[in-house]
Amino acid sequence: EDPQKALELAKECAKRERTLCRTREQNGKADDIDLDLQYAVTLNLADRHDKAGQDQEALDLYAQIVKNKNYPEGGKLRVNMGKVYFDRGEFPSAIKMYRMALDHISHEQKGVRFKVMRNIGIAFVKMGQYVDAARAFSDVMSVEPDFTSGYNLVICHYATGDKEKMKESFVKLLSLRAFEPEDEEEEDDEEKEDDDTVGDELTRYLRTQQLDCHRKILAAAKLIGTTIGGGSLERGYEYLADEMHRFGYAILANELEMELALSHLKSKTPEGMKEGKRRLLEFEKKEHALKAKAATNLSWLYFHEGDYENAQK
Numbered sequence: 001e002d003p004q005k006a007l008e009l010a011k012e013c014a015k016r017e018r019t020l021c022r023t024r025e026q027n028g029k030a031d032d033i034d035l036d037l038q039y040a041v042t043l044n045l046a047d048r049h050d051k052a053g054q055d056q057e058a059l060d061l062y063a064q065i066v067k068n069k070n071y072p073e074g075g076k077l078r079v080n081m082g083k084v085y086f087d088r089g090e091f092p093s094a095i096k097m098y099r100m101a102l103d104h105i106s107h108e109q110k111g112v113r114f115k116v117m118r119n120i121g122i123a124f125v126k127m128g129q130y131v132d133a134a135r136a137f138s139d140v141m142s143v144e145p146d147f148t149s150g151y152n153l154v155i156c157h158y159a160t161g162d163k164e165k166m167k168e169s170f171v172k173l174l175s176l177r178a179f180e181p182e183d184e185e186e187e188d189d190e191e192k193e194d195d196d197t198v199g200d201e202l203t204r205y206l207r208t209q210q211l212d213c214h215r216k217i218l219a220a221a222k223l224i225g226t227t228i229g230g231g232s233l234e235r236g237y238e239y240l241a242d243e244m245h246r247f248g249y250a251i252l253a254n255e256l257e258m259e260l261a262l263s264h265l266k267s268k269t270p271e272g273m274k275e276g277k278r279r280l281l282e283f284e285k286k287e288h289a290l291k292a293k294a295a296t297n298l299s300w301l302y303f304h305e306g307d308y309e310n311a312q313k
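Residues in the sequence shown are numbered from 1 upward in steps of one, following our numbering.
Incorrect hints may appear among the rest.
[Claimed, not checked] Here are the simulated BS3-like pairs of lysine-lysine, each with C-alpha atoms no more than 30 Å apart in a straight line:
1. Lys51 - Lys29
2. Lys96 - Lys29
3. Lys69 - Lys83
4. Lys51 - Lys76
5. Lys83 - Lys216
6. Lys96 - Lys67
7. Lys76 - Lys15
8. Lys5 - Lys29
9. Lys69 - Lys110
10. Lys165 - Lys115
11. Lys11 - Lys67
12. Lys110 - Lys29
13. Lys216 - Lys110
14. Lys11 - Lys76
15. Lys115 - Lys96
16. Lys69 - Lys126
17. Lys51 - Lys115
18. Lys83 - Lys11
19. Lys96 - Lys110
20. Lys115 - Lys222
21. Lys126 - Lys266
22. Lys5 - Lys110
23. Lys126 - Lys163
24. Lys11 - Lys29
Derived by calculation from the structure, the hints in this document are not laboratory data.
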């Protein structure tokens, strides 16, 4: 799509619509002016200005619609205005527009309302106002929880240094179980899908979403581990791994335990190397993917120690 060409076409549409309105007025048919068409043409022109990078022109047109009492639904376009301000880095103005838009979005439109609330939270994060951001994300999580808001909430509590709220928000994140198989048998079946199923669009979408959720969980755990452990990475990771096991994320818990083992090796102290080796040996009883990773690290460790026989194993 060529944004400039689309803008020129939108301008031409607006010009023709104005000509049509004048013609009707001159012929005494002002009552026949199509307000819906007028609204659609102006909205499209504003959107095209925005996509062409002409944000001020877009804002002026959105404001024109919002202030026109003939457009009762126009107030919702403050969401669009908020986005323009957000993209410009004018976060206080973006928050103001988003909040004003909420007054025009009914409570039945929960999905839209909470997307706007998430945007408010993100704008506060951009401003470094993590307490306000946490409040916005908490409001979303209390009614319409989602992984992205939950992940952002963990980050906000980390930024404010509230250990207990870090734990609470992390557990809330785990409790969502979004995009997860309902039972272990289904998860096993998922790994044995034939090529036809793997090629299915919905399956690919769900798998992508599941992997994204897993990445967020691990990233959140690595972020808060040392802090909630009172300065001890081991204590923090063990708490988080236990919670992961409790909510059925055994694979992720094992990955976190692998990270802990590797962190001991990276310390390069005799005690750390010994503890890292002990933890890696425990993975010989776990799933294949991590067993292979553990074996690779153990091989390096044995080689480093001069134990070439075990290194080759």
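So, going through the hints one by one against the coordinates:
Restraint check for Lys51 and Lys29: not satisfied, since their Cα atoms lie roughly 35 Å apart, outside the 30 Å limit. With a C-alpha separation of about 40 Å, the suggested pair Lys96 and Lys29 falls outside the 30 Å cut-off, and the hint is violated. For a cut-off of 30 Å, the pair hint linking Lys69 to Lys83 stands: about 23 Å separates their Cα positions. A C-alpha spacing of about 19 Å is found between Lys51 and Lys76, which places the hinted pair at or below 30 Å, so the restraint holds.
At roughly 25 Å between alpha-carbon atoms, Lys83 and Lys216 fall within 30 Å of each other, so this suggested pair holds. Straight-line distance between C-alpha atoms of Lys96 and Lys67 comes to about 16 Å, which keeps the hinted pair within the 30 Å bound. For a cut-off of 30 Å, the pair hint linking Lys76 to Lys15 stands: about 25 Å separates their Cα positions. Under the criterion of a C-alpha separation no larger than 30 Å, the hint pairing Lys5 with Lys29 is inconsistent with the structure, at around 33 Å.
Restraint check for Lys69 and Lys110: the C-alpha separation of about 25 Å stays at or below 30 Å, so the hint holds. A threshold of 30 Å between alpha carbons decides the hint, and for Lys165 with Lys115 the separation of about 23 Å falls inside it, so the pair holds. Restraint check: the Cα-Cα separation between Lys11 and Lys67 comes to about 21 Å, which is no more than 30 Å; the hinted pair holds. Between Lys110 and Lys29 the alpha-carbon distance is near 41 Å, which puts this suggested pair outside the 30 Å criterion.
With a CA separation close to 24 Å, the supplied pair Lys216 and Lys110 stays within the 30 Å bound. For a cut-off of 30 Å, the pair hint linking Lys11 to Lys76 stands: about 23 Å separates their Cα positions. Between Lys115 and Lys96 the CA atoms are separated by roughly 15 Å; this keeps the pair inside 30 Å, and the hint holds. Distance check on the hinted pair: Lys69 and Lys126 sit about 34 Å apart at the alpha-carbon level, beyond 30 Å; violated.
Straight-line distance between C-alpha atoms of Lys51 and Lys115 comes to about 21 Å, which keeps the hinted pair within the 30 Å bound. A distance of roughly 22 Å separates the Cα atoms of Lys83 and Lys11; the hinted pair therefore holds under the 30 Å criterion. Distance hint between Lys96 and Lys110 is fulfilled; the C-alpha atoms sit about 20 Å from each other, no more than 30 Å. Restraint check for Lys115 and Lys222: satisfied, since their Cα atoms lie roughly 27 Å apart, inside the 30 Å limit.
Taken as a hint, the Lys126 and Lys266 pair is broken in the structure, with Cα atoms around 34 Å apart against an allowance of 30 Å. Taking the CA atoms of Lys5 and Lys110, the gap is about 36 Å. The hint is violated against a cut of 30 Å. In summary, the hint linking Lys126 to Lys163 is supported, as the alpha carbons are separated by about 22 Å, within the 30 Å threshold. Between the alpha carbons of Lys11 and Lys29 the distance comes to roughly 24 Å, so the proposed pair stays at or under 30 Å and holds.
The structure fails hints 1, 2, 8, 12, 16, 21 and 22 (numbered hints given earlier, in ascending order).
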